[in-house]
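A.B. asks: Spelled out from the first residue to the last, the chains are:
2 protein chains.
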Amino acid sequence: MPQFLDATAPDFDAAFAALLSAKREDNVDVDDVVAGIIADVRNRGDQAVIELTARFDRLELTPETLRFSQDEIEALIAQVPAHERDALELAAARIRDYHARQMPQDQSWTDAQGATLGWRWTPVSAAGLYVPGGLASYPSSVLMNAIPAKVAGVERLAIVVPTPDGVANPLVLLAARIAGVDEIYRIGGAQAIAALAYGTETISPVDKITGPGNAFVAAAKRRVFGKVGIDMIAGPSEILVIADGDNDPDWLALDLLSQAEHDESAQSILITDSPAMARAVAAAVERYLTTLERREIAAASWRDFGAIITVPDLDTAAALSNRVAPEHLELCVADADALSDKITHAGAIFLGAWTPEAIGDYVGGPNHVLPTARSARFSSGLSVMDFVKRTTLARMTPGALAAIGAAAETLAISEGLEAHGLSVRARLNRLNEG
Amino acid sequence: MPQFLDATAPDFDAAFAALLSAKREDNVDVDDVVAGIIADVRNRGDQAVIELTARFDRLELTPETLRFSQDEIEALIAQVPAHERDALELAAARIRDYHARQMPQDQSWTDAQGATLGWRWTPVSAAGLYVPGGLASYPSSVLMNAIPAKVAGVERLAIVVPTPDGVANPLVLLAARIAGVDEIYRIGGAQAIAALAYGTETISPVDKITGPGNAFVAAAKRRVFGKVGIDMIAGPSEILVIADGDNDPDWLALDLLSQAEHDESAQSILITDSPAMARAVAAAVERYLTTLERREIAAASWRDFGAIITVPDLDTAAALSNRVAPEHLELCVADADALSDKITHAGAIFLGAWTPEAIGDYVGGPNHVLPTARSARFSSGLSVMDFVKRTTLARMTPGALAAIGAAAETLAISEGLEAHGLSVRARLNRLNEG
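Protein chains in written order, with the working numbering: chain A, 6 to 439; chain B, 6 to 439.
Source of the hints: derived by calculation from the structure; they are not laboratory data. Some hints here could point you the wrong way.
Copies of one chain are not kept apart here, so a pair can be met inside one copy or by any two copies together.
[Stated by the list, open to error] Below, computed lysine-lysine pairings styled on DSSO-like, alpha-carbon distance capped at 30 Å:
id: 1; residue 1: 28; residue 2: 155
id: 2; residue 1: 347; residue 2: 28
id: 3; residue 1: 347; residue 2: 155
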């Protein structure tokens with residue numbers, strides 16, 4: 006059973022604070038191992054990657070077979086049933102449409118002093134996408150990472166995906182093909198991150214690395230950050246459902262369980278102004294937990310980190326949700342738009358009971374890579390913005406420099422930076438001579 | 006003397022690669038010390054901060070004097086001469102105008118299936134800005150960090166600035182006042198970062214921390230990342246000047262020296278298609294190096310990391326610049342706009358010889374916090390975007406769910422996530438009943 010909390014109870018604040026700060030992840034310290042692997046790949050390139058892949062994935066590769074060949078990809082993709090292919094293509098089209106609207110605009114203007122100012126966006130040249138192997142090898146994540154990169158205009162997009170014992174996931178390869186990925190390597194772990202960041206004889210280095218992974222992958226991404234850009238380090242998944250009394254408890258139970266089934270560290274929270282709904286959802290969850298395939302995982306998550314909170318009104322629900330800053334927020338209430346206006350921190354909002362969170366995982370259009378562990382207070386989900394960067398532009402005329410140059414000189418002198426001031430003064434002197 | 010390189014020489018590629026990979030920073034390993042300081046502040050709050058400030062800054066504080074009082078601020082600000090105040094206000098107004106244009110737009114639309122999609126931007130609630138003490142305590146950096154935060158709508162903006170031996174910089178306090186900063190604490194180092202990230206009895210925690218600092222501050226920012234957001238970890242400053250033969254060598258020399266004077270690890274590079282200009286600028290730099298106040302620092306930077314590269318044409322200059330991905334790029338050529346179009350990676354571009362880089366440091370309008378160490382390949386300068394975050398929005402209608410729900414179910418099943426599929430199926434079943 007999860008925690009039951011009543012927002013009007015005297016001990017609620019302490020209990021809610023404990024819920025917020027519950028440590029859901031044991032950060033295994035793999036940093037030394039990862040440092041060694043990265044150094045090895047930097048020193049020995051392909052050979053290190055090949056040896057590490059033999060050791061960790063029980064797979065013998067050569068420099069020629071590190072990368073999937075076109076023929077292999079075709080043969081594997083041919084195994085995908087038509088209805089799965091159609092579903093991936095529908096998802097890809099919707100994700101592409103949504104993300105195309107995220108492309109930021111260049112700007113340029115001339116101000117009253119005659120200075121022309123602005124900025125310009127350009128894509129990252131080369132990006133690498135990590136895709137986990139085995140059970141967590143999700144084709145939907147390939148679409149969610151690769152499509153924003155391609156929409157942004159990334160010229161070269163490489164995937165690394167481990168294939169333990171040589172077993173590849175045809176759907177992952179098909180998703181990569183649909184998303185326009187250029188290169189696919191059958192390697193994983195810290196060695197794959199090192200190869201993408203520093204390059205080997207066979208793999209050219211990239212400028213940015215995104216995608217989820219285990220503790221080794223996360224530690225490697227932290228280590229290569231600076232040499233390349235990285236996306237956020239994602240934690241266990243979370244959902245918060247705010248529901249009024251007019252809901253189908255089965256729907257809400259399944260929504261809560263769809264996060265709980267991801268991972269024993271996932272967190273599912275229901276906040277409702279209806280004690281009857283609270284009880285009904287709790288009962289429905291217990292019922293599904295007897296039959297779900299992943300019931301052991303889901304039950305552990307629900308037991309350890311789940312919570313059902315009753316509140317006197319929906320304003321209180323919004324305020325509590327803002328303290329959680331959840332990755333996924335469902336608003337299953339009569340006026341979801343009005344409640345949404347009170348939400349200040351959330352990765353993604355799903356409006357109304359007809360919008361289950363799972364729609365957002367696959368075919369809604371918005372990205373499913375979202376900030377976890379309360380980081381929606383300061384960060385956003387993956388988007389086209391992660392694959393572009395801004396160059397600011399400034400052009401002074403002699404007149405503009407005459408208008409604002411002396412102020413720059415004053416500030417340079419006040420900061421003790423003489424050459425800064427002289428570089429402006431030399432130009433102003435020319436104007437005075439003229 | 007700096008390196009002289011000729012892009013047409015047979016050994017150029019090796020020499021240029023060496024220039025690109027020159028290690029300009031010794032990363033002192035202070036991580037263990039910093040981990041201890043952070044743990045101490047988390048455990049003992051104010052008392053730890055007070056003891057560490059006594060030890061490192063030789064300053065005795067109490068919980069009551071950690072924060073500058075309004076009266077102290079007024080008294081210090083009153084010392085600032087009018088021309089410096091005017092210069093700061095001009096700079097602030099221009100920076101505010103520029104950054105106001107960066108506010109991203111919310112979007113919402115309804116697609117052909119009837120799904121309403123979009124996103125919404127909201128500000129970070131509370132931000133902290135680190136300002137170095139002593140010589141590197143730059144009021145311009147206060148404006149550059151604080152104004153984007155306030156433009157973004159950050160409600161609570163706190164500054165930490167160490168005051169070794171109790172000496173405060175009145176210009177820093179004035180810049181903070183002009184920028185609308187809400188709280189100023191006279192603490193620094195890793196203890197100040199820990200206090201901002203975790204809070205103490207006196208200092209409320211923030212959600213995002215920006216601003217430059219020494220190795221201890223940088224290590225502390227890396228450690229608290231995840232608990233709060235951080236900006237980039239800035240390296241030594243850099244300038245690349247592309248110039249044709251029609252320039253005043255003194256101007257270019259001063260522009261190169263205005264980076265070199267920052268730091269012995271700074272890097273200044275001139276690329277020109279005019280061997281005569283190359284010689285003239287080199288001579289001018291040597292001349293200024295005999296008189297500049299900061300000539301020892303500038304000479305060391307120019308000697309160890311400076312370079313003058315001659316190229317057969319400006320296209321080659323652009324290609325080399327893109328490999329450098331410089332923090333600051335000056336285009337002192339006849340057609341700067343045309344050359345700018347060939348630049349794919351740069352933090353900030355200064356167009357034409359009338360736009361010295363120092364203008365951008367103070368009064369141009371664009372931000373002077375820019376990506377260093379080749380990170381302009383994948384990242385951007387500080388902006389309003391660093392203080393806002395995006396929440397994605399999705400609302401399905403029954404019709405929209407009927408149109409795309411089955412595809413989501415198919416993908417959920419293919420990924421082995423049964424509850425995901427059931428959460429969609431339960432709703433589709435309702436439609437079929439209806």
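A.B. asks: Taking 30 Å as the upper bound on the Cα-Cα distance, should residue 28 and residue 155 be classified as within, between, both, or neither?
C.D. replies: neither (36 Å within a copy, 33 Å between copies)
A.B. asks: Are the CA atoms of residue 347 and residue 28 at most 30 Å apart within a copy, between copies, both, or neither?
C.D. replies: within (28 Å within a copy, 49 Å between copies)
A.B. asks: Using 30 Å as the alpha carbon limit, work out where residue 347 and residue 155 are close: within a copy, between copies, both or neither.
C.D. replies: Result: close only across copies, 21 Å inter versus 34 Å intra.
Against the hints set out earlier in the document, a violation occurs for number 1 only.
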